[in-house]
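These protein sequence lines are chains X and V, in that order.
If you count the first sequence from 1, you need to add 11 to reach our numbering.
If you count the second sequence from 1, you need to add 11 to reach our numbering.
Hints listed in this document are in silico derivations from the structure and should not be mistaken for laboratory results.
Residues from chain V shown here face chain X by an in silico Cβ test under 7 angstroms; the list is partial:
id, residue
1, F314
2, E316
3, V322
4, R324
5, V325
6, A328
7, I329
8, K331
9, E332
C-beta atoms are modelled at their ideal positions from N, C-alpha and C, and glycine is treated no differently.
There are 2 protein chains.
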Amino acid sequence: MGNTLKSMRTQAEKIFQASLKAVDPIVAVKNYLKIDGNNIVLQGKSFPINSFDNIYLIGFGKAAAAMARGVEEVLGDSLKAGIVNVKYDHLDKVSSKIQINEAGHPVPDEAGIKGTGEIIDLVKNCSEKDLVICVISGGGSAIFPSPQEGITLAEKQETTRLLLSCGADIKEINAIRKHISRVKGGQLARIVQPATLITLILSDVIGDPLDSIASGPTAPDETTFEDCLAILEKYQLLGEIPATVEKHIKSGAKKLIPDTPKINDPSFSKVDNVIVGSNWQAVIAAKECAENFGYNTLILSTFVEGETKDVARVHAAIAKEVLKTGNPIKLPACIISGGETTVTIKGKGLGGRNQEFVLAAAMDIHELKNVVVLSAGTDGTDGPTDAAGAIADGETIFRAKQKNLNTLKYLQNNDSYHFFEQLNDLIKTGPTNTNVMDLRLLLVK
Amino acid sequence: MGNTLKSMRTQAEKIFQASLKAVDPIVAVKNYLKIDGNNIVLQGKSFPINSFDNIYLIGFGKAAAAMARGVEEVLGDSLKAGIVNVKYDHLDKVSSKIQINEAGHPVPDEAGIKGTGEIIDLVKNCSEKDLVICVISGGGSAIFPSPQEGITLAEKQETTRLLLSCGADIKEINAIRKHISRVKGGQLARIVQPATLITLILSDVIGDPLDSIASGPTAPDETTFEDCLAILEKYQLLGEIPATVEKHIKSGAKKLIPDTPKINDPSFSKVDNVIVGSNWQAVIAAKECAENFGYNTLILSTFVEGETKDVARVHAAIAKEVLKTGNPIKLPACIISGGETTVTIKGKGLGGRNQEFVLAAAMDIHELKNVVVLSAGTDGTDGPTDAAGAIADGETIFRAKQKNLNTLKYLQNNDSYHFFEQLNDLIKTGPTNTNVMDLRLLLVK
Numbered sequence: 012m013g014n015t016l017k018s019m020r021t022q023a024e025k026i027f028q029a030s031l032k033a034v035d036p037i038v039a040v041k042n043y044l045k046i047d048g049n050n051i052v053l054q055g056k057s058f059p060i061n062s063f064d065n066i067y068l069i070g071f072g073k074a075a076a077a078m079a080r081g082v083e084e085v086l087g088d089s090l091k092a093g094i095v096n097v098k099y100d101h102l103d104k105v106s107s108k109i110q111i112n113e114a115g116h117p118v119p120d121e122a123g124i125k126g127t128g129e130i131i132d133l134v135k136n137c138s139e140k141d142l143v144i145c146v147i148s149g150g151g152s153a154i155f156p157s158p159q160e161g162i163t164l165a166e167k168q169e170t171t172r173l174l175l176s177c178g179a180d181i182k183e184i185n186a187i188r189k190h191i192s193r194v195k196g197g198q199l200a201r202i203v204q205p206a207t208l209i210t211l212i213l214s215d216v217i218g219d220p221l222d223s224i225a226s227g228p229t230a231p232d233e234t235t236f237e238d239c240l241a242i243l244e245k246y247q248l249l250g251e252i253p254a255t256v257e258k259h260i261k262s263g264a265k266k267l268i269p270d271t272p273k274i275n276d277p278s279f280s281k282v283d284n285v286i287v288g289s290n291w292q293a294v295i296a297a298k299e300c301a302e303n304f305g306y307n308t309l310i311l312s313t314f315v316e317g318e319t320k321d322v323a324r325v326h327a328a329i330a331k332e333v334l335k336t337g338n339p340i341k342l343p344a345c346i347i348s349g350g351e352t353t354v355t356i357k358g359k360g361l362g363g364r365n366q367e368f369v370l371a372a373a374m375d376i377h378e379l380k381n382v383v384v385l386s387a388g389t390d391g392t393d394g395p396t397d398a399a400g401a402i403a404d405g406e407t408i409f410r411a412k413q414k415n416l417n418t419l420k421y422l423q424n425n426d427s428y429h430f431f432e433q434l435n436d437l438i439k440t441g442p443t444n445t446n447v448m449d450l451r452l453l454l455v456k
Numbered sequence: 012m013g014n015t016l017k018s019m020r021t022q023a024e025k026i027f028q029a030s031l032k033a034v035d036p037i038v039a040v041k042n043y044l045k046i047d048g049n050n051i052v053l054q055g056k057s058f059p060i061n062s063f064d065n066i067y068l069i070g071f072g073k074a075a076a077a078m079a080r081g082v083e084e085v086l087g088d089s090l091k092a093g094i095v096n097v098k099y100d101h102l103d104k105v106s107s108k109i110q111i112n113e114a115g116h117p118v119p120d121e122a123g124i125k126g127t128g129e130i131i132d133l134v135k136n137c138s139e140k141d142l143v144i145c146v147i148s149g150g151g152s153a154i155f156p157s158p159q160e161g162i163t164l165a166e167k168q169e170t171t172r173l174l175l176s177c178g179a180d181i182k183e184i185n186a187i188r189k190h191i192s193r194v195k196g197g198q199l200a201r202i203v204q205p206a207t208l209i210t211l212i213l214s215d216v217i218g219d220p221l222d223s224i225a226s227g228p229t230a231p232d233e234t235t236f237e238d239c240l241a242i243l244e245k246y247q248l249l250g251e252i253p254a255t256v257e258k259h260i261k262s263g264a265k266k267l268i269p270d271t272p273k274i275n276d277p278s279f280s281k282v283d284n285v286i287v288g289s290n291w292q293a294v295i296a297a298k299e300c301a302e303n304f305g306y307n308t309l310i311l312s313t314f315v316e317g318e319t320k321d322v323a324r325v326h327a328a329i330a331k332e333v334l335k336t337g338n339p340i341k342l343p344a345c346i347i348s349g350g351e352t353t354v355t356i357k358g359k360g361l362g363g364r365n366q367e368f369v370l371a372a373a374m375d376i377h378e379l380k381n382v383v384v385l386s387a388g389t390d391g392t393d394g395p396t397d398a399a400g401a402i403a404d405g406e407t408i409f410r411a412k413q414k415n416l417n418t419l420k421y422l423q424n425n426d427s428y429h430f431f432e433q434l435n436d437l438i439k440t441g442p443t444n445t446n447v448m449d450l451r452l453l454l455v456k
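Chain X extracted, bound-state conformation:
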């Protein structure tokens, strides 16, 4: 392998590390939540600490403990108390003021319900002179469960199962979910009022939609009980879903109980929802690092979805055009994309979407000089493997042939892990305690 290619590979790994650093939960919180004198400053907006009687911290999600630690490092003694729900074993060092509740994920459990109840109790009686800081990350929906009174967790899950089986789309399912919860769809904001609420969000959803991340507990909801009833009618689920759920939705549709708060609801008059870490921050950090290495950079998209191996082909096609005509960007080029692809599993191998992306791309960039491709999950875990992703270049297929590896068969068997393991080209970071989906890099010189 030539020195240029070797250094490009090292640069690709360093660019990925720079991305990870930008979306570390503690770093992400501290990038946005700052202290200036006696003020808390959030994106240029000042909150005088002395104007608050109490500052509380609540939170939920896989990275909530680490985010809580970030808030503590910023606020120190100003913080009075806090409770956060996290996934089992997703702990971090926090002070004794912060209570950590472990809860079930991806299937919510009673521990989650209990913890959610405690969080609600902490903030429901806040006055207008209190400040609540809420930290939210991926997994926050399951980890912060609170079905409406009379509805059990099992009934909630049965409702979701029925909706899925009759072909309801994710928007429809989320509308129902929000309306049978006490906290989702902006209802947590209603509970917190009249206190001031700052929500810091680590997003694992494409496009960072505030009403979707963790089911949007502090963001306005666009859906209504009437919508929910129409969805149940559309899929002929009346009489099929648990009676408690049906009764609750019908009561809502008759306006007997309040709907989720809408955009002009006073619950949001003192709320700031801020995305402190997302795929975008990871991509921007990659861009800056690549520019420091002298690359021209192109952010392709943070919205990338689709079947992994075909998404990989499009990326490889771009590398070919860069080499041939200097489009869409001139050499030396670093093309960056984010989002999250899918893999339709047909084989019995071991791998993940990032490793499969690199394997498929490797086949298309075969024999191209000075092209490097890297794809990795920012959570450090790609599929059911101990790798975050993989790295390849125009010589990868040659090296595979030397080891008698049939690349196409590894791809067809979804066995990217064992392919890259034998080439020593897996990217391993260990768990990163964050998750803002995936990062893909294409370096061309």
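Starting from the known structure of chain X, fit chain V onto it as the hints suggest.
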């Protein structure tokens, strides 16, 4: 539909028309082959007409008759005679000096062999004071068949069938094909020497590889008889393939007969191979037209391959990023891509890769304001339909719902034609007499 969106749709169609014009076979030939005084000028290189005793025209491919007409329009009386092989019914107006042979495609036939023999006879005795102009377009390999002596068309086809069935890749199949032909793999150039040879090519292959388009009859070949023997051994086809083919390849491997000419072969000392029309020219014409409409343009890649609906998702992801952050290019944006995708047919509907691209993209750009997507084949035919492609925008799915069309079901049934037919959103051009693969446009304002 708003006026902005309406005008964007019109612009998208005009941009596609501008692309088509640039790759019209006659226009393409005349863009590159010019007369300046008493010289033929080709990309700045002059060929004094008076220095030649005779100027002949030969050619083969689906667009060869139209390309021949272009050459006639440039050279006029200077041209002495010509013969071109075309696909049945792919005629064009040429003078009586040009003989047109119709031949079988995609399956070669005896008429093709006869026509190829006539072309060989026309140029095989040329002197060093003759000029041969050769026009080549897609389909040229089947339309210009000439198996080595003793090998029949049927034996040639059986060889290809056996190679395909044992998993040989396209490079391996082409190596064998070239070595059992009298003209492919640069051998036509050897026949034409010592005359001067100008080959004008309309490319329908991704990346425009000279040794692949129409099996590279006037370009150096990289493969050898030894390679061919190794391929037959690799797939255990010795004793399986027709005896005449095996005997010929073994003779070649023993150096009893000459190999295809390599890059330094004197056969190429007076040869110019020029791509006069390709996906690139279509894309560049689109770029210029879009810039005239005021768009910032980004050429994504002319190398795009992969499963259509997933390639579409990547394009839609880019539109979303353009709208959200102005990456990879600022508004108003026109993103252009070329190449040729594939469709894995699972349904029983009617459609083509371009129409399916637009259908899949339409779902992902649903509700986005002022986004238009167009994809169409430059040959005017998309799949087994009378449409070249289709056009959609962020309101397309709404309009489909109003007509009670279930978009996802049309996509799953590969029935994009009937979907867009009902919305009146098919792009119909009729046969264009050219083919440089597909053009995809994404307009975002």
